[in-house]
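Undergrad: Residue strings, one per chain:
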Amino acid sequence: MSDTFTFTVDGVEVAAEPGQTILEAAQNAGIYIPRLCHRDGLEPAGACRVCTVMVDGRPQTACNFPASEGVVVDNETDQLLELRRDIIDMLFVEGNHWCMFCEKSGDCELQALAYRFGIAAPSFPFQFPADRQADLSHPDIWIDRDRCILCGRCVRASRDLDGKHVFDFVDRGPAKRIAVNAEARLRDTDADVTDEALEVCPVGALMKKGTGFDVPVGRRTYDWEPIGSEIEKRQTQE
Amino acid sequence: MSKPKIATTSMCGCFGCHMSILDIDERILDLIELVDFHKSPVDDIKEFTDRCAVGLIEGGVSNDENVHVLQSFRENCDMLIAVGGCAINGDIPSMRNKVPLRECLDEAYLHGPTVHNPDGLIPNDPEIPLLLDRVYPCNEVVKIDAFLPGCPPSADTIWTALVAVLNGEPLELPYELIKYD
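One line per chain: the protein sequences are A and B, in this order. Mapped onto the working numbering, the consecutive letters of the first sequence carry residue numbers 1 to 238. Mapped onto the working numbering, the consecutive letters of the second sequence carry residue numbers 1 to 181.
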């Protein structure tokens with residue numbers, strides 16, 4: 001522990017150990033840096049850019065940028081809030097996110113970030129992509145690609161936590177999509193309803209069958225408190 | 001001094017947002033102190049005859065009549081508020097945007113599993129508003145000044161917004177009133 005050093009986030013001094021990322025160290029100090037593709041316990045990917053902070057004036061993704069002694073990190077600036085809002089806006093218009101009938105609504109991290117940022121309506125035109133195929137073949141699990149935001153959490157969880165590598169990306173650019181490790185269907189993979197890969201999906205793209213809407217409105221994760229407030233509470237308790 | 005006027009309409013929606021307006025319960029008595037309802041399904045006034053302070057738009061734009069209604073609201077209202085998911089992003093009706101219009105009509109009138117239509121005709125009477133190629137969010141057709149998300153927005157959301165707007169205050173919704181479902 002003697003290697004502990006400090007740096008600042010929005011002027012607040014934060015302690016860190018070698019090997020920690022900026023996001024981890026800030027989180028331990030009760031500072032929430034918004035993130036979407038990253039989840040505790042998964043290898044950081046730096047894919048969604050929502051966790052972008054300014055490190056000594058340069059934009060870096062906090063989820064995979066190592067903390068180092070004395071760096072000055074800006075997190076909650078107007079510029080960064082606007083950038084994060086725009087990313088969330090773009091994710092909403094790029095897919096088909098019909099929240100009103102989604103089983104994940106209220107527990108969805110994409111939706112929760114939009115709530116946290118106070119987004120009443122996205123500022124970009126909706127794309128309504130028509131090419132997002134669902135896969136309902138598996139008896140216990142289904143994939144709804146309308147809702148997929150290509151964060152890659154299921155890819156990493158299936159590979160690193162489940163040891164199965166059921167999911168991966170195919171194609172590039174606007175055609176990029178999540179695919180399964182089988183000729184065509186999810187039911188032909190060794191995916192199982194107990195896989196970690198299902199737990200980590202931030203949106204309603206990878207879902208268990210037969211469990212939708214089991215928590216009533218008003219008792220869901222983000223009904224009353226913004227995403228990240230569980231981290232920010234650590235700060236106030238100390 | 002006469003009270004400011006409110007107009008409302010339901011376009012490609014389910015009237016759920018209007019139900020939510022009525023769901024403000026006894027506060028509707030306070031609302032009547034603040035405003036008069038003008039063109040609205042609530043009082044069945046069909047045409048604009050006066051300038052309105054606020055127009056509440058429920059529903060997306062799915063046919064040519066919706067376009068005309070929305071344009072007349074823009075012309076006659078100082079401020080337009082898109083109320084509910086359909087007005088903001090098309091919501092449930094916009095699920096047809098994934099399917100070409102011709103295929104939608106074929107499924108509904110010709111090939112659907114419960115369809116009985118021996119003449120094989122798709123309704124095309126000039127009295128029926130012409131469907132657009134897809135459902136458009138309101139702000140892609142006219143300028144919209146404010147958005148109240150939700151399916152429907154809660155009565156509290158609508159009430160908070162109306163009170164702010166009618167008192168000339170900025171429309172800022174607290175966390176628990178921004179919901180997409």
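These are calculated hints, taken from the structure and not from any lab test. Just to be clear, a hint being listed does not mean it is correct.
Derived lysine-lysine pairs resembling DSSO-like cross-links, with alpha carbons at most 30 Å apart [stated by the list, open to error]:
1. B:K143 x A:K176
2. B:K98 x B:K3
3. A:K176 x A:K208
4. B:K98 x A:K208
5. A:K209 x A:K176
6. B:K46 x A:K209
7. A:K164 x A:K208
8. A:K233 x A:K164
9. B:K143 x B:K46
Undergrad: Taking the hints in turn, state whether each one holds.
TA: Now the hints, each set against the structure:
1. B:K143 x A:K176: 33 Å, violated
2. B:K98 x B:K3: Violated, at about 44 Å.
3. A:K176 x A:K208: 23 Å, holds
4. B:K98 x A:K208: With Cα atoms ~24 Å apart, K98 (chain B) and K208 (chain A) stay inside 30 Å; holds.
5. A:K209 x A:K176: At roughly 25 Å apart (the allowed maximum being 30 Å), K176 (chain A) and K209 (chain A) satisfy the hint.
6. B:K46 x A:K209: At roughly 47 Å apart (the allowed maximum being 30 Å), K209 (chain A) and K46 (chain B) break the hint.
7. A:K164 x A:K208: With Cα atoms ~18 Å apart, K164 (chain A) and K208 (chain A) stay inside 30 Å; holds.
8. A:K233 x A:K164: 36 Å, violated
9. B:K143 x B:K46: 22 Å, holds
In this structure, the earlier hints numbered 1, 2, 6 and 8 are contradicted, and the remaining ones agree with it.
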